[in-house]
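The whole structure should be built from the sequences, with the hints applied where relevant.
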Amino acid sequence: MNGGLSVVLVILGAAFMLVAAIGVVRMPDLLTRMHASTKAGALGGGLLLLAVAVHFGELGITSRALAGVAFMILTAPVAAHMIGRAAYLTGVPLWEGTIVDELRERYSARSRAPNSATTQE
Amino acid sequence: MIREWLTAVSEPILLALAMLVISFFLAFVRLLRGPTLPDRVVALDLISTLTVGMMAAYAIMTDQSVFLDVAILLALIAFLGTIAFALYVGKGRIP
Amino acid sequence: MISGGIIVCVLSGFMLALLAPWLYRVGRRATAWILALLPFIQLMYFVSLAGPIARGEVFVFSSPWVPGLKINLSFYLDGLSLLFALLISGIGTLVVIYAGGYLAGHHQLGRFYAYLFMFMASMLGAVLANNVITLFVFWELTSLSSYVLIGFDHEREIARRAALQALLVTGVGGLALLAGLLLLGQVGGSLELSTLLNQGEVVRAHHLYLPILLLILAGAFTKSAQFPFHFWLPSAMEAPTPVSAYLHSATMVKAGVYLLARLGPVLGGSDAWHYLVTLAGAVTMLVGAALALFQTDLKRLLAYSTVSALGILTLLIGLDTALSIQAAMVFLLAHAFYKGALFLVAGAVDHETGTRDVTQLGGLRHVMPITAVAACLAALSMAGLPPLLGFISKELLYEAKLQAPRAAPLITGAGVLANVLLVAVAGIVGVRPFFRERMATPKNPHEAPLSLWLGPVILAGLGFIIGLLPNTLAGPLVSPAVTAVRAEPSEVTLALWHGLNPVLLLSVLTLASGMGVYLGQGVVRRATSRLEPIAQWGPARWYDVALEGLNALARIQTRLLQSGYLRYYLLMIIGATVGLTTYTLAARGGFPRPDGATDVRFYEGGVAALISLAAVAAVRARSRLAAVAALGVVGYGVALVYVLFGAPDLAMTQVLIESLTVILLVLVFYHLPRFASLSTQRARYRDVLVAVAAGGVMAALVLAATSIRFHPPISDYFAEKSLVQAHGRNVVNVILVDFRGMDTLGEITVLALAGIGAYALLKLRLERKESG
Amino acid sequence: MSLILRTATRFLLPLLLLFSLFLLLRGHNSPGGGFVGGLVAAAAFALYALAFDVATARQLLRIDPRRLIAAGLLVALGSGMAAWLARKPFMTGQWSSITLPGVGLVPLGTPLLFDLGVYLVVAGVMLTIILSLAEE
Amino acid sequence: MTLFLWNILLALAWLALTGVFTPGNLVVGFGLSYVILRFAQRALGPSPYFGKVFHVIRFVLFFLYELIASSLRVAHDVLTPTHYMRPGVIAIPLEIESDGEITLVANLISLTPGTLSLDVSADKRTLYIHAMYIDDEDLDVFRQKIKRFERKVLEVTR
Amino acid sequence: MRPVLPILIPLMTAVAALLAWRWRGVQRGVSLLGAVALLVAALILLASVWRDGIQVVQIGSWPAPFGITVVVDLFSAIMVALAGLMGLAVAVYSLGSMDTAREEFGYYPLLHILLMGVCGAFLTGDLFNLYVWFEVMLMASFVLLVLGGERAQIEGAIKYVTLNLMSSALLLAAVGILYGLVGTLNMADLAQKLRSAHHPGLVTTLSMLFLVAFGIKAAVFPLFFWLPASYHTPPVAVSAIFAGLLTKVGVYALIRVFTLLFRHDVGYTHTLILILAGLTMITGVLGAVAQNEFRRILSFHIVSQIGYMIMGLGLFTPLALTGSVFYITHHIIVKTNLFLISGVVNRLCGTYELKNLGGLYQAHPGLAVLFMIPALSLAGLPPLSGFWAKLTLVQAGLETEQYVIVLVALAVGVLTLLSMLKIWTEAFWKPSTRNSQPSVNRRQLVHVFFPIIVLALLTVVIGLVVQPFFVLAERAADQLINPEAYIRAVLGGTS
Amino acid sequence: METILAVVIGVLYATGIYMMLRRSLVKLIIGLSLLSNGANLLIFTVGRLTRARAPFVPEGADALQPPYADPLPQALILTAIVISFGVLGFVVVLFHRAYQTVGTDDLDEMKATDT
Ligand code: NA
Ligand code: NA
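Chains as they are written, first to last, in the numbering used here: chain A, 1 to 121; chain B, 1 to 95; chain C, 1 to 772; chain D, 1 to 136; chain E, 1 to 158; chain F, 1 to 495; chain G, 1 to 115.
Derived by calculation from the structure, the hints in this document are not laboratory data.
A couple of the hints might just be wrong.
Below, computed lysine-lysine pairings styled on DSS-like, alpha-carbon distance capped at 30 Å [as the list claims (entries may be wrong)]: (1) E:K124 <-> B:K91; (2) G:K111 <-> C:K763; (3) E:K147 <-> E:K124; (4) D:K88 <-> C:K721.
Below, the structure is given as structure tokens:
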């Protein structure tokens, strides 16, 4: 059922994931890597789950697949936020090409020297 | 095995699996390289998402919906580990 | 009826031992006299049996004990056992009375009685037992009672050490004896002595004869203090004197002699027996007598002379002629009387004067006349003067030696030499303290009380009276004993006067020389003191060295094995696993050829590679969290494997556990320190080697196990019944909650424990060391 | 603490709990079961404890997780012993069925009860460990 | 929200009635019951629900567009050798106040490739985001682009 | 129902105690009650097995190779009875010795779950289920070991836990491989199907994994290190129940699998076991000789005694197995008792260190007697229980002409005696160096002495009235060496 | 595939054991985890791999139709996973306490109870 659509979704999803993976390797600093990975990854995963929904086309399965997509959309940004925030706050260095850092001013009172105690782990 | 790789290109779902497998290794490279813990966490998070994707693709390929259940569970739960890691990283924060 | 009396005799002793402390609490000073009634009644009982036994009767009592091992609680009373039983109960009576006086007021006297009766009963049991295992049980109990009695004065370290020494030496011998007896039983087809006694030829012809002989001799020699195991006996003089007189002179030490005599019909008659027993006896006889002269302590003097006497007995049994056995039996009696008396005298002297140093004693006959008479009588008997029993026995002894089947002159010479020394010793212990001039002693001596002189007087008196009427009083006892040992009817005639013969000549020579040595003892002691350094390297020293060596070995072994390093323990275990499996594989073979399951899809291969790489990454990670992350990859990879091969439930569980593990680890790693490189390079190489070997073994086992299947699995049953009978479509879940619900019950119990445990670990902190 | 995490957690907690019940109830016929369900339930509260703090999580939970352990063991044990009432060996499944409107005939049996016991024990244990550890 | 539940229930009832349990049928059922509810609105009293549905649909479309567009952009950057990005950390002033709304906005921003919510100030007035493509020389222009998310959310929630 | 009770009664007890978490008094009562019930159930079970032969319950009514079978032959029944006896002894002892804090943190539930695991291991007829019970037992022992959280406890526990986990991993692998090969987990079924296995070498290799896995649990050389590292660290009641039961479960498992499953190459496997037995005796006893602390001496002796129990298996004759069963019975009673006594000594003197002990013979003659009985029995002095145990093994060794092991067994007996007397000399005979005696609560002493006296009496009774115990062991051994009845009982008429 | 998984199992065992042989508590934990993964995978593999259907009785059928993945090893592994997880939870806490009590995670500093 719906063979064509599910195939497209599968390929698309996998492709997004591949992009995410390449990005995670290629991007120069943590935050830019995250742009590539966590979101493109979630998108890819979501597409693959959608493909499942389409492929089986049974109510029970479809609803579960959609729930899966929902779970991803719910959790992925929170996770990304948490990692990004923690990394930023502990001083993981930004790419030298970064043009502006407005959060830094907020924390200007303290040094932002890399805190090796945790980030180097 | 090489023939498998070749058929992968012809069979769309195998192609998808191939892309996923490559992705796994790429993400793993980041996990190895780091250099910081958050980098590794990001890589691990991606790997968990890739696992979700692979399970979904496999469910389609084998026409067995039971694997979908695993995938959605993982989609919901992998998040916990990432949060825990993030909180650990955040521990080093100056209050 | 009469036979039943035997077991009553034995068991009543144990009963009384249990009651003794309590009796003492009630009876106090009178206790000894009350307690002495039991051995006295036993003595009367045995005396009453003397007649029938002299007529050739034998009494047997048997009751099954452990039929499964062919062990009966069986007793056998013949001439030999009777002789010993009389000594045990008779001297026992006297010693109990004596102890009451000697230890009067001692706060542990109640326990002393208990131990003494335990010994008495055990000793009776040992000489009366018919089953060799029963014999062994009592044999060991005598060692044990000896242990507690030697250590009676337990507050002194030397007493504790002497007790241990005695027990260890006799204990080692005892175990050899056990092995010997069991083998004997195996070879002879029975554990009953009465049966075994007829199996002599079978036993001697068996290829295990020599081991059996050696083992049993080891038991007998240690117990009877034969060289080189003699050293424990002088040390045992730490025991209270009644104990020395009773156990370490009159009875227990003769258990070995008893055993040799008892087993003579089975084991004797061979060259090995002859040479081993004779030689051991001869050496012991000489060494004991010579060492006795070194001593100044009354009890040690007596102890070494006892060693010598035990040597003589052994020698006689080794000679294994009718005459030598006869001599042995008579000497046994004579020695028991005079040595028992002398010991008791020594105790009385010690008790009154406060010293046992012969060089400090003299002229006691004035203050202790009764004791002096007893002492002199006993000493004269020991020296072998007519008309005492000692004389008769020495005559017999020389006669037996002169007629020894082999090397008679040598043996006789040695015997004379030993006896010369013993004559001197008799003088030193029995005569010297009472004669010469009076010397100052720590305590002001008076005549000993009745309880202390009664024993010596009776014993010494017996030696005198029997000497006068040997045939009437000793003949009926000795004949059946000899009959028993020789396993042939023997009629013994004892007489004081044998006419002028070479034996008498030897006796005279002995006495004269002995007197000489006695008079010149200062010279002799000076001469022999040169030998003292050599004596220090004697067997007692070997014992110490052995014990020290054992301790050192134990410490070294423990330091090596139980080093405290967890990784060495792990290495051992892994090494054992790898070693055993690979060796077995090599030795037993039969590994199926791997069927080369090479049907691999690329994504499967990819996942497999990912798992392996991640595992290696976890090992190589420089930081803990990196390792945890790598571990996560392993986990996801494994979950994927589960999915790829049709196990969604497993994958779910794996995934969940992976996430929760990360939470757990992260929570804990908040507090734990970071990775550090602690091991040396060499250790790392070694561990890599071990780890790879272990991994290789597991991989090989998997390969083998996947290439072959002995039987199809039982799973079809589950496939069939899952829905129909267990109402579930998820067969794995149905197995978990129904087919194999018991596993799950255990599993959740484990989990519950983990919860309780973690909670307790985190919340319960005891500061103080808790007492149990 | 992150506002975003906390707010998200408020949404996720009921979702996870619902999901855990879903897994428990379906376990006999589809992937899932008491163990997996119990873990998800524990994960829900663990997340809450991470996002807020342990005290808040305990408040939310109301019941001491150790009681869950005991209760779970009791339920599991009881479900096994129910067979004795029918004079059958321990853990012999006792089944009956009820008709649920819209679903139809649903078989109910002691093995399902047993699975509930597993669920309770697992949730109780994981919560005991994680909460106590997080309190350190 | 009650109406939304009603809508769902009705859709399920439709499924039960038709006996065709497919996603497509669910959508049909949902649409039908939406219409029914719309007509029954008077009976049920005034509700913002019906207007919202339109906003929600628009919002979803907007979000999907952003998602796909930015994904493609990131993909392009990832796949080509040169990095075209101009990343930076930007403070976005917030008008919305409730925790739920802030979280929703932040998450939507995070979900869209190219932007990532980093932190919310303690007074909940500022959202700090990391953006990959700050193409505008004037940062405020960029800020306004981001604030579109907030506006769309407000349309739905208020 | 009967055969399952020894597993369920402790669990019920534990659950009841868990529910009464906050009420210490209730927990104590429940624990005592549960322990009594367990012993009664175990004895009834033993009696019924003696009377009616091997008893089987198919859990869940699923027939034999498919479900889990609980099966009780005489060996199992004896072991369960001993577990019940030790459980009661330690439960009573705990009433007088356990501190309130530990009681409140789950001591009683843990104790009973430990018993549950032990009984489960003895009763199950399923190999994987055996693994599960091992884990129950281990986990309970882990927690009991660390309960209180003192430094020594924790250090000991790290080794104990790690090495035992290693053994569990090995066991699991071994069971898994066996299933892969034979396709079944029921031991009777395995026994039957392994007979026709066409790769005996592979099966023998596999048996080595079982040997190591169970060997670790049984504390056999060179796998015993966890035991002396940990047994002296927890409260003495815990030491005592560990000493009595835990390693014996390993021995039980060894005997079970090497009499039931792996008997196709006795010349190789059992000779190996015999060698290990000898080495275990020697290294264990030397370890004991090197120690100067009461409980450490006892701990190393556990190791050396395990050697004797394994020796019977290695000799593999009816008499030898009789010896093993008898030895286990004797040892459990005696060793538990010695640990209990060490606790009393510690309470009287405040230490376990021999050099600081002394004066007990003078002050507490009754205790001295109570110590001597198990101590001498351990050393094998007649006529106590240990003598007959050793005698049987020695006899079996002589019959099979295995003189070396007999020699070792006898020599180790002497060394055992030596170190028991070391304790005696130092703790009892040596005069006391202390001035004050710790005050002792008389009511608690009743709880403490009651089990000690009962166990000592039992030691003497077994020593004097040997035959019934011997016959019991003999019949148990007969069932072990001729497993047909076992297989038939489990699989029904199908075999 | 069995061959390849055999290698993977070997690697898991080897790495697990290597980590357990280190001196640090933390590495010991990681080693234990690797080892238990290896053991589970081992049972899974020797229980025979199959790409056939997962063991669920399909709607409309009364029984599993062969070929299906053997459910028994799966159930065994599930039990084993849960047990080793429980144990791991406890061990983690134990090591945590050990570090608190002893003050180091160096195992060589924890040998007082042996000598
Ligand atoms: Na033990
Ligand atoms: Na143990």
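* To do: Assess, step by step, whether the Cα of K147 of chain E is no farther than 30 Å from the Cα of K124 of chain E, and give holds or violated.
  => Given that 30 Å is the threshold and the Cα spacing comes to 15 Å, the pair holds.
* To do: Take a quick look at whether K111 of chain G and K763 of chain C sit within 30 Å of each other, Cα to Cα.
  => Given pair K111 of chain G, K763 of chain C holds - Cα atoms ~25 Å apart, limit 30 Å.
* **30 Å Cα cutoff - pair K88 of chain D, K721 of chain C** => Since the Cα atoms of K88 of chain D and K721 of chain C sit roughly 18 Å apart, the hinted pair holds (cutoff 30 Å).
* Within a Cα-Cα threshold of 30 Å, do K124 of chain E and K91 of chain B meet the stated pairing? -> Measuring from Cα to Cα gives roughly 22 Å; hence the hint holds.
The structure shown violates none of the earlier numbered hints.
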